[in-house]
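A.B. asks: Sequence:
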Amino acid sequence: MADSAPRHRPAGEGEKADESTNAPSEREPPAKQEKREKRQVEERSGLRTPVIYEIVRKRGDEEMARPATSLWWSGIAAGLSMSFSLLTEAILLTHLPDAPWRSLAVSAGYPVGFLIVILGRQQLFTENTITAVLPVMKDFKARNVGRLLRMWSIVWLANMVGTLLAAYFCTLTPVITPELRDGMLQVSAELMRNGWAEMFFKAISAGFLVAATVWLIPSAESAQFWVISLFTFLIGAGGFAHIVAGSVETFLLVANGRLDVVSMIVDFIVPTLLGNIVGGTVLFALISYAQVMQEI
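Residue numbering for the sequence shown follows the numbering used here, beginning at 359 and increasing consecutively.
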């Protein structure tokens, strides 16, 4: 029969084992301990501002070097993808009761298109108001300015073609129900209630928020989904004007005879395009560069 009595340990043996388990750093050389602690600090302190700047700048440099064909088709894909923001808003609008909080709840659908575009690395014009501008600020030369204008023109035109195709696809095919199309038109009509000056200043806010989203993504890591969702929700809930998301709405109004082309260009495209560039480039990109220009 096995002995069931507890075995006695020599005094101090257990304490020494516990000591060695709980305090390994006491036996580390000071240099090694200091190195380990520095690494722990770096892991917990997040990315420094110059590092974020360099990540965004490098991405912009890489995008400007891409072939025109790649930029074009990626831009069209982004325009098509952005239509899902309006579609999701319309779905929420048609299924929610008519209550004071409904407009805020409908805005929860606004981030959908942005999530597809940004996480899918498609070319969105307002993203490029910061990513493509930072390389130019670092090395301001005619060649880099030319590369910036080339990218802007290709991506913006491609985004417009994508949103145009999406609007006419929803209008001319039975892809959505008449009730859902009416919901999309109702959401779209809200945008054109703004005057020229209102559209311009609201577009500045939208451009700033999109640029802020791009700036935060490198340090967001696994929280990228929530960063994109929060900032783009603010654009929708605040009624700010975004050139690509708004183009889906205005093209849909034109396709359904609710808006003429001249009004779309003069009252929406011009002020919104200018406002997005001011918000994303003149404000956010310049401020971002000013933070690090003495450190790079």
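Watch out, some of these pointers could steer you wrong.
[Unchecked claim] Between beta-carbon pairs, the in silico distance windows are: (1) S428 x K499: 29 to 37 Å; (2) V519 x S580: 27 to 35 Å; (3) Q544 x S511: 49 to 57 Å; (4) F559 x R508: 27 to 35 Å; (5) L644 x P536: 40 to 48 Å; (6) A457 x V409: 42 to 50 Å; (7) R508 x E537: 37 to 45 Å.
No wet-lab data here; the hints were simulated from the structure.
For every residue, glycine included, the Cβ atom is placed at its ideal position computed from N, Cα and C.
A.B. asks: Look at the Cβ atoms of Q544 and S511 and judge whether their distance stays inside 49 to 57 Å.
C.D. replies: 33 Å, violated
A.B. asks: Indicate whether the distance between the beta carbons of S428 and K499 respects the range 29 to 37 Å.
C.D. replies: Since S428 and K499 have Cβ atoms about 23 Å apart, the given range 29 to 37 Å is violated.
A.B. asks: Okay, R508 versus E537 on CB: inside 37 to 45 Å?
C.D. replies: 43 Å, holds
A.B. asks: Do the beta carbons of V519 and S580 sit within 27 to 35 Å of each other?
C.D. replies: 34 Å, holds
A.B. asks: Taking 42 to 50 Å as the hint, is the beta-carbon distance of A457 and V409 inside that range?
C.D. replies: Holds, since A457 and V409 (Cβ atoms, about 46 Å apart) stay within the stated range.
A.B. asks: Does the beta carbon distance between L644 and P536 stay inside 40 to 48 Å, or does it fall outside?
C.D. replies: Between L644 and P536, where Cβ atoms are some 47 Å apart, the hint holds.
A.B. asks: State, for the Cβ atoms of F559 and R508, whether the hinted interval 27 to 35 Å holds or is violated.
C.D. replies: 29 Å, holds
In this structure, the hints that do not hold are numbers 1 and 3, in rising order.
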